[in-house]
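Residue numbering for the sequence shown is 1 to 686, as defined by full-length UniProt numbering.
Since the hints were derived computationally from the structure, they do not count as laboratory data. Quantities reported herein were computed from a predicted structural model and do not represent experimental measurements. Accuracy of the hints is not assured; some may be wrong.
Unchecked claim - 20 Å max Cα-Cα, derived SDA-like pairs, lysine to any residue:
1) 200 to 180
2) 433 to 312
3) 232 to 376
4) 445 to 478
5) 524 to 449
6) 288 to 272
7) 232 to 371
8) 405 to 416
9) 104 to 121
10) 104 to 130
11) 298 to 347
12) 505 to 596
13) 518 to 449
14) 13 to 31
15) 507 to 460
16) 598 to 104
17) 416 to 433
Stated by the list, open to error - Quick list of the computed label-pair ranges, beta carbon to beta carbon:
18) 417 to 303: 53 to 59 Å
19) 415 to 24: 44 to 50 Å
20) 215 to 21: 46 to 52 Å
21) 32 to 329: 58 to 64 Å
22) 92 to 15: 28 to 34 Å
23) 300 to 65: 56 to 62 Å
24) 316 to 39: 52 to 58 Å
25) 477 to 215: 52 to 58 Å
26) 591 to 349: 54 to 60 Å
27) 496 to 643: 38 to 44 Å
28) 415 to 55: 29 to 35 Å
29) 415 to 316: 37 to 43 Å
30) 24 to 591: 17 to 23 Å
31) 107 to 411: 43 to 49 Å
Where a beta carbon is used, it is the ideal one built from N, C-alpha and C, also for glycine.
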Amino acid sequence: MIKKEAPVAKKIKKELVIHEDIRIDNYYWLNDRDNPEVISYLKSENEFYNGMTAHTKPFQEELFKEMKGRIKEDDSSVPYKLNGYWYKTRYETGREYPIYSRFKDTMESPEEIMFNGNEMAKGHDYFSMGGIAVSPDNTLAIFGVDTVSRREYVLRVKNLETGEIFDDRIENTTGGGVWANDNKTFFYTKKNTVTLRSDKIYKHILGTPTSEDELVFHEEDDTFSTFVYKTKSKKYIVIGSYSTLTSEFQIMSLERPEEGFRTFSPRVRGVEYSILHYGESFFVLTNKNGATNFKLMKVGEENTEADYWEEFIEHREHVLLEDVDIFKDYYVLSERENGLNRIRIVRWDGSESYDLPFNSETYTAHVGNNRDFNTNILRYSYNSLTTPSSVIDFNMTTKEERIMKEQEVLGGKFDKNNYIENRLWAVARDGVKIPISLVRHKNTKLSKDTPLLQYAYGSYGYTIDPYFSTVRLSLLDRGFVYAIAHIRGGEYLGRKWYEDGKLLKKKNTFTDFIDCSKFLIDQKITDSSHLYAMGGSAGGLLMGAIVNMAPELYNGIIASVPFVDVVTTMLDDSIPLTTGEYDEWGNPNEVAYYNYMKSYSPYDNVRKQDYPNMFVTTGLHDSQVQYFEPAKWVAKLRELKKNNKLLFLDTNMEAGHGGASGRFEALREAAKEYAFLLDLERKIVL
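Sequences and hints are given; from them, build the entire structure.
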């Protein structure tokens with residue numbers, strides 16, 4: 001039955017009181033996923049969405065087939081070498097999940113299939129594998145499986161020679177493990193069952209009951225999370241603790257494991273650092289002493305505290321040092337200047353240093369999977385808004401490069417020369433210049449009648465680089481312009497760009513996006529009747545903020561798994577991940593942060609006004625942004641919005657934060673979003 005009457009959520013008044021301030025939440029009851037009425041309401045919203053968009057279903061299927069048709073179904077990764085084996089991941093035609101395999105010594109050796117995701121996923125609505133860790137003697141593999149979509153993985157161990165799955169079963173982990181050198185002991189990270197915070201590191205010995213596992217480290221500060229890994233030199237096991245602003249590490253020598261773990265350098269609030277081991281030294285990437293864009297320090301293996309760190313690469317005001325990769329004869333710096341990636345190669349002996357040449361106006365280049373320490377080959381990837389991704393092996397000695405793989409765009413229609421990419425700079429209301437990366441088909445003329453989709457994220461210092469997407473072609477080929485607004489809250493223009501878009505400066509993120517929209521309209525690249533905005537998770541918060549602040553600028557909004565009930569969520573430390581977010585958003589138990597947060601929280605600021613057409617998505621099992629945030633938001637929008645524009649809530653009743661788990665099923669979600677936009681533009685042609 002087609003349902004075309006919008007559901008109305010019942011109202012149950014709940015007073016939320018703190019700092020002598022009262023907020024009324026009439027839809028708080030939707031927080032209870034075990035309440036049958038909640039499930040019934042979510043299903044009624046799904047029925048309404050499906051009913052109202054029934055006319056687009058054939059087009060959604062056409063889009064899905066079109067998107068799928070561009071993907072090479074029997075695809076595989078570029079193999080990498082580790083400890084005498086070549087490893088690769090491949091897909092088979094028509095199958096949703098990857099197959100993980102390896103080859104001994106050379107790629108001409110017989111293929112050994114370690115894991116077939118398609119077989120493992122049978123009987124599950126959702127399936128995801130965690131990290132695979134092969135033992136030092138190459139015979140065993142730790143692997144994690146999540147069949148719920150809450151990023152809680154069950155760890156198992158497989159004998160790669162016999163195929164036997166051991167009885168050892170460890171629940172509620174982050175999905176990976178780290179082997180010691182004895183091929184029977186490994187370390188893993190467990191999550192708090194309520195908050196899902198990664199808070200404990202355990203040591204497990206194969207064949208022993210998990211109840212006897214030794215607790216190696218407990219991160220008791222609930223604003224921190226923890227993890228464990230092995231250095232590339234294979235000489236140390238490292239336990240890391242991190243919050244948004246602060247980090248700390250502990251190290252254990254694998255040559256002297258009886259000494260246990262010791263603190264590398266004690267945590268100091270506001271000081272971030274990460275460590276790499278090379279030779280008889282550690283290298284420390286840190287923001288210590290005001291190094292906003294980070295610098296590289298060096299210290300010996302014994303006295304590793306910060307007082308002993310010596311400068312190796314100085315801090316630079318206009319260059320963000322993002323990462324360092326270490327090889328036997330070279331180290332490689334991943335840097336960002338003026339928003340663009342830079343890869344710098346330096347010999348340890350100081351005899352040579354140079355940058356890889358990238359000459360485009362806007363592009364993305366990242367150091368790739370470089371597991372082998374004793375090599376002069378650097379693997380990196382390159383792509384842009386118009387250029388499909390390439391995986392390149394670069395010989396750091398001869399400077400010769402070999403393209404190992406170029407992303408194939410099937411279907412016979414794609415030609416990169418048919419698309420135009422460029423970068424523009426909008427001026428924000430406070431005078432700061434905001435970069436925007438754009439791409440369009442060369443036949444798309446720019447005018448006030450041109451449809452444009454503006455995308456951004458803008459939180460956690462996460463940078464949305466201008467990347468290639470085969471899915472996006474379905475919009476570009478139908479006359480859309482696609483724009484990425486590199487707003488404050490990310491790190492596109494350095495660490496300060498992030499600092500100026502968080503905590504008590506968070507509103508810069510929202511006003512930057514709005515000012516980019518106004519710029520695009522002023523430049524007659526589009527108009528408010530053809531401008532659309534899209535963001536997910538924290539980017540969904542961005543969507544919620546801009547529709548409250550400037551709804552008149554947009555014809556449509558797509559908000560995926562949006563974080564919109566900011567105040568209530570940040571006041572509830574039982575909700576997964578909340579306490580670790582205080583350094584990003586502020587702690588609303590402090591009145592200054594509470595008042596600021598309340599002033600922009602999308603749910604708290606819904607009011608009686610016109611709103612754009614809106615498509616909101618969520619997952620019932622989402623552990624990052626709980627389903628009830630978008631559900632409550634949509635219910636309140638339905639109550640208060642004054643116009644009759646579309647408002648849809650589509651809840652995936654099986655999935656979590658990342659949506660559907662199969663590589664093709666995820667395309668169906670993209671097809672829904674694009675059909676929503678193209679229907680509003682009346683561009684659906686069957």
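Evaluation of the provided hints:
1. 200 to 180: Since the Cα atoms of residue 200 and residue 180 sit roughly 18 Å apart, the hinted pair holds (cutoff 20 Å).
2. 433 to 312: Measuring from Cα to Cα gives roughly 32 Å; hence the hint is violated.
3. 232 to 376: Status holds; Cα separation ~15 Å.
4. 445 to 478: holds (12 Å)
5. 524 to 449: Roughly 9 Å between the alpha carbons, so the hint for residue 524 and residue 449 holds.
6. 288 to 272: holds (7 Å)
7. 232 to 371: Since the Cα atoms of residue 232 and residue 371 sit roughly 7 Å apart, the hinted pair holds (cutoff 20 Å).
8. 405 to 416: Cα-Cα ~17 Å, so holds.
9. 104 to 121: violated (27 Å)
10. 104 to 130: violated (23 Å)
11. 298 to 347: OK: residue 298 and residue 347 at ~16 Å, within 20 Å.
12. 505 to 596: Distance of about 9 Å is within 20 Å: holds.
13. 518 to 449: holds (15 Å)
14. 13 to 31: Holds, at about 14 Å.
15. 507 to 460: holds (14 Å)
16. 598 to 104: Between residue 598 and residue 104 the Cα gap is close to 58 Å, so the pair fails against 20 Å, i.e. violated.
17. 416 to 433: With Cα atoms ~29 Å apart, residue 416 and residue 433 exceed 20 Å; violated.
18. 417 to 303: 53 to 59 Å: About 58 Å separates the Cβ atoms of residue 417 and residue 303, which means 53 to 59 Å holds.
19. 415 to 24: 44 to 50 Å: violated (56 Å)
20. 215 to 21: 46 to 52 Å: violated (41 Å)
21. 32 to 329: 58 to 64 Å: Given a distance of about 60 Å, which is inside 58 to 64 Å, the answer is holds.
22. 92 to 15: 28 to 34 Å: violated (56 Å)
23. 300 to 65: 56 to 62 Å: holds (60 Å)
24. 316 to 39: 52 to 58 Å: holds (54 Å)
25. 477 to 215: 52 to 58 Å: holds (56 Å)
26. 591 to 349: 54 to 60 Å: holds (57 Å)
27. 496 to 643: 38 to 44 Å: The hinted range 38 to 44 Å holds for residue 496 and residue 643, with Cβ atoms some 40 Å apart.
28. 415 to 55: 29 to 35 Å: holds (32 Å)
29. 415 to 316: 37 to 43 Å: holds (40 Å)
30. 24 to 591: 17 to 23 Å: holds (19 Å)
31. 107 to 411: 43 to 49 Å: violated (29 Å)
Hint check: violations occur at hints 2, 9, 10, 16, 17, 19, 20, 22, 31; the rest are consistent with the structure.
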